[in-house]
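Chain by chain, the residues:
There are 2 protein chains.
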Amino acid sequence: MYHRCMKASPPPLRQQTRAVVRSLIAQTAMAVFAEKGYDETTVEEVAAAAGVSRRTLFNYFKSKEDLALSGLAEQGEKIAARFASSPPGEDIWESLSSAFRVLEEIETTSERRLEIVTLLFGSESLRAGHVEKQSRWQELLAPQIEERLPLSDHRSLEARAIAAAAITCLQAATEEWSRIGGRVDLFHLYDAAVQAVRRAH
Amino acid sequence: MYHRCMKASPPPLRQQTRAVVRSLIAQTAMAVFAEKGYDETTVEEVAAAAGVSRRTLFNYFKSKEDLALSGLAEQGEKIAARFASSPPGEDIWESLSSAFRVLEEIETTSERRLEIVTLLFGSESLRAGHVEKQSRWQELLAPQIEERLPLSDHRSLEARAIAAAAITCLQAATEEWSRIGGRVDLFHLYDAAVQAVRRAH
DNA sequence: CAGCATAATGCACTCAGTGCAATAGTCTGC
DNA sequence: GCAGACTATTGCACTGAGTGCATTATGCTG
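Just so you know, the sequences run in chain order A and B. Start counting the first sequence at -4; every next residue gets the next number (this note's numbering). Start counting the second sequence at -4; every next residue gets the next number (this note's numbering).
Because the hints were derived from the structure by calculation, they are not lab data. It is possible that part of the hints are untrue.
[What the hints assert, rightly or not] Keeping only pairs whose Cα atoms sit at most 35 Å apart, straight-line, the calculated DSBU-like set for lysine-lysine is:
(1) Lys73(B) / Lys31(B)
(2) Lys57(B) / Lys57(A)
(3) Lys57(A) / Lys31(A)
(4) Lys57(B) / Lys31(B)
(5) Lys73(A) / Lys57(A)
(6) Lys57(B) / Lys31(A)
(7) Lys73(A) / Lys31(A)
(8) Lys57(B) / Lys73(B)
(9) Lys73(A) / Lys73(B)
[Claimed, not checked] Simulated restraints on C-beta separations:
(10) Val15(A) / Glu99(B): 50 to 56 Å
(11) Ala26(B) / Glu141(A): 19 to 25 Å
(12) Ala43(A) / Glu99(B): 51 to 57 Å
(13) Ala26(B) / Leu144(A): 39 to 45 Å
(14) Leu146(A) / Ala26(B): 42 to 48 Å
(15) Pro82(A) / Glu89(B): 43 to 49 Å
(16) Arg9(A) / Gly176(B): 42 to 48 Å
(17) Leu144(A) / Ser48(B): 38 to 44 Å
Since the structure is predicted, the reported quantities are computational estimates derived from the model, not experimental observations. Every residue gets a Cβ at the ideal spot worked out from N, C-alpha and C, and that includes glycine.
When you get a sec, could you build the whole thing from the sequences and use the hints?
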């Protein structure tokens, strides 16, 4: 018998519908942002377009920024998962490079990715959040990297520095990729960036 | 004879007083933030503490965030200036390392620096702006770095990647430095971070 | 002192975000 | 199907950031 107060069993169905609705709202938001521009769009408009009240929208997303950047959190988790499944003996930078390639599998076409990236880089007010949210990937990657590092005084710092540097290279590559209109392979640019950082001059 | 409409000569005195007032307000703001916490302080309170109206405060700073982060812009310029004056033949990473050391000369004591850094890392809402603002240093450093780079297909990207990676290492080092209470040399940590990134594993 | 440019201010407004309380749904056991 | 309980949705009112505009204060030049 199920007692009424069984907090321990929050029907997974609820969670599931919640996730679906959330994803639906985010999709709608991205469409509106793409059309009107992020700064020129009010939360009110997004709510209307998604067919929910303003207040409900804030139940699903903690801020307007979140509407545009929630995808980045998922991407980070996928990258971390891919990295975790890489051969333990493999060179760290090799593993990172292939982990980042899951990005190719997430958004269907590269045109779509370009559209999103353009949006994220397009708004001054979004860029800060964008950079910060990607920096959070560091927290997922660093612990894994640390395990592969030889013993030293500052292993934790070293691991975080490596994760952060790799992410930074990806950001630089993405910005360049966006600048030239996505006409070359993003990961070719990423490799060039990493090479430049790690090569002695 | 000075004609009334001489737009070409905006008395440098004005600019000077403006800068002084601005700096004064920023100082006051930091004091209030340090005492009450950034998020718990309203712009109104900072204005009152500085003895100006809310509206005037917004004439000097474009946002509340700017009150806390305006110092970072100046730091960036000083770092870039120092980098510019480094021996042209010197290793880039060597030059970057010594350029960053101007930070030691800006804030008098390391206790003071620790206090500021703690404030910046302390607030969730400040961190994004903090990271983004430091990332802007990249725009000052990258052009200089590019000049020192050998010719290649993606020199501009490479330069930006190197600048960004160095800044990222500084951020990681600063965070670690803050975590352990400033008891070691920040630049020792920075060097360790750079070593970790650039060494093959 | 008179005139002028600029800084400071007050006021009213938009918009993001939050807390609270009322309502509408949905699922449960009976 | 129905009563009861839990949860999602919503409306409403409020705080606080940021902006535009019009008015007033200030300080400099002649």
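To see whether the hints hold, each was checked on the structure:
no. : hint                             : in the structure
1   : Lys73(B) / Lys31(B)              : holds, 30 Å
2   : Lys57(B) / Lys57(A)              : holds, 24 Å
3   : Lys57(A) / Lys31(A)              : holds, 21 Å
4   : Lys57(B) / Lys31(B)              : holds, 21 Å
5   : Lys73(A) / Lys57(A)              : holds, 22 Å
6   : Lys57(B) / Lys31(A)              : holds, 24 Å
7   : Lys73(A) / Lys31(A)              : holds, 30 Å
8   : Lys57(B) / Lys73(B)              : holds, 22 Å
9   : Lys73(A) / Lys73(B)              : violated, 39 Å
10  : Val15(A) / Glu99(B): 50 to 56 Å  : holds, 53 Å
11  : Ala26(B) / Glu141(A): 19 to 25 Å : violated, 38 Å
12  : Ala43(A) / Glu99(B): 51 to 57 Å  : holds, 53 Å
13  : Ala26(B) / Leu144(A): 39 to 45 Å : holds, 41 Å
14  : Leu146(A) / Ala26(B): 42 to 48 Å : holds, 43 Å
15  : Pro82(A) / Glu89(B): 43 to 49 Å  : violated, 35 Å
16  : Arg9(A) / Gly176(B): 42 to 48 Å  : holds, 44 Å
17  : Leu144(A) / Ser48(B): 38 to 44 Å : violated, 54 Å
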